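Chains as they are written, first to last, in the numbering used here: chain A, 41 to 151; chain B, 182 to 295.
To be clear, the hints were calculated from the coordinates, so they are not data collected in a lab. Hints should not be assumed to be uniformly reliable.
If we take Cβ atoms under 7 Å as the criterion, some of the chain B residues that face chain A in the derived model are [to be verified]: (1) 213; (2) 215; (3) 220; (4) 221; (5) 224; (6) 225; (7) 227; (8) 230; (9) 234; (10) 280; (11) 281; (12) 287.
These figures come from a predicted structure and were not determined experimentally. Quick reminder that beta carbons are idealized off the backbone N, C-alpha and C, glycines included.
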Amino acid sequence: NAGVTQTPKFRILKIGQSMTLQCTQDMNHNYMYWYRQDPGMGLKLIYYSVGAGITDKGEVPNGYNVSRSTTEDFPLRLELAAPSQTSVYFCASTRGEAGYTFGSGTRLTVV
Amino acid sequence: AQSVSQHNHHVILSEAASLELGCNYSYGGTVNLFWYVQYPGQHLQLLLKYFSGDPLVKGIKGFEAEFIKSKFSFNLRKPSVQWSDTAEYFCAVNLNTGGFKTIFGAGTRLFVKA
């Protein structure tokens, strides 16, 4: 049981480039989330999904897009990367109110 | 807007000392409460959770937390810390509304001296 799998683990982007952060879960969880973690700021919700085909904005969605074509996958797309998007990105999933299962994170640097 | 406040950003303790990390939230409705731990270089893991019932909940590795509804608090405690408890601890509130979105506090970095 792999849980929540994120790829890549590390990435360096140049300003203006685009990339997709991948997230897959094998627990058949309906709810999936993308957070970014910045030092001293905790985690901020970027986007979330309550099921396949349904996504919604979180607290800090600007500069990002998501899709949820299947229950398992919830990719996060960065368009026109900016230095402000340098962060650690965590994907998480849950069946409901039991608490989240997190992926191992993607450390992104935009230069 | 809903928020979660953690009282201390950094805590340094010696092994065997007692630990208490403060957490307050601002939300008047029904909430589920969590503490997550992030060991150096790792992802967040669930430490303990409170949904209802006994306000004193016990989690893994000897941690416990007490929910005080009147104070909107959910403080984390451990009677005797170990060097391996060095980590960052996050208090979190799930609003129990559509989407089970969770709001996280800024985190408390705990360093335990051996």
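Interface restraint verdict for residue 225/B against chain A (beta-carbon cut-off 7 Å): With Cβ-Cβ at 5 Å, under 7 Å, it holds.
Classify the hint on residue 220/B as holds or violated, based on whether any CB of chain A lies nearer than 7 Å to its CB. 12 Å, violated
Return the status of the interface hint for residue 227/B: holds when the least beta-carbon distance to chain A is below 7 Å, violated otherwise. 4 Å, holds
Please check whether residue 287/B passes as an interface residue: C-beta within 7 Å of a C-beta belonging to chain A. 4 Å, holds
With chain A as the partner, please determine if residue 221/B meets the hint condition of a C-beta pair closer than 7 Å. With a closest approach of 13 Å, the residue 221/B hint is violated.
Quick one, is the residue 224/B hint okay against chain A at 7 Å, beta carbons? 4 Å, holds
Could you check if residue 281/B really has its C-beta closer than 7 Å to a C-beta on chain A? Interface hint status for residue 281/B: holds (5 Å vs cutoff 7 Å).
Minimum Cβ distance from residue 213/B to chain A below 7 Å? Since the shortest Cβ distance to chain A is 5 Å, the answer is holds.
Less than 7 Å between beta-carbons is the criterion; does residue 280/B satisfy it with respect to chain A? 5 Å, holds
Quick one, is the residue 215/B hint okay against chain A at 7 Å, beta carbons? 6 Å, holds
Double-check residue 234/B for me: the hint is only fine if its C-beta lies closer than 7 Å to a C-beta in chain A. Violated: closest Cβ of chain A sits about 14 Å from residue 234/B, beyond 7 Å.
Proposed interface contact between residue 230/B and chain A, which counts if any beta carbon pair is under 7 Å: 5 Å, holds
Checked against the numbered hints above, the structure breaks hints 3, 4 and 9 and satisfies the rest.
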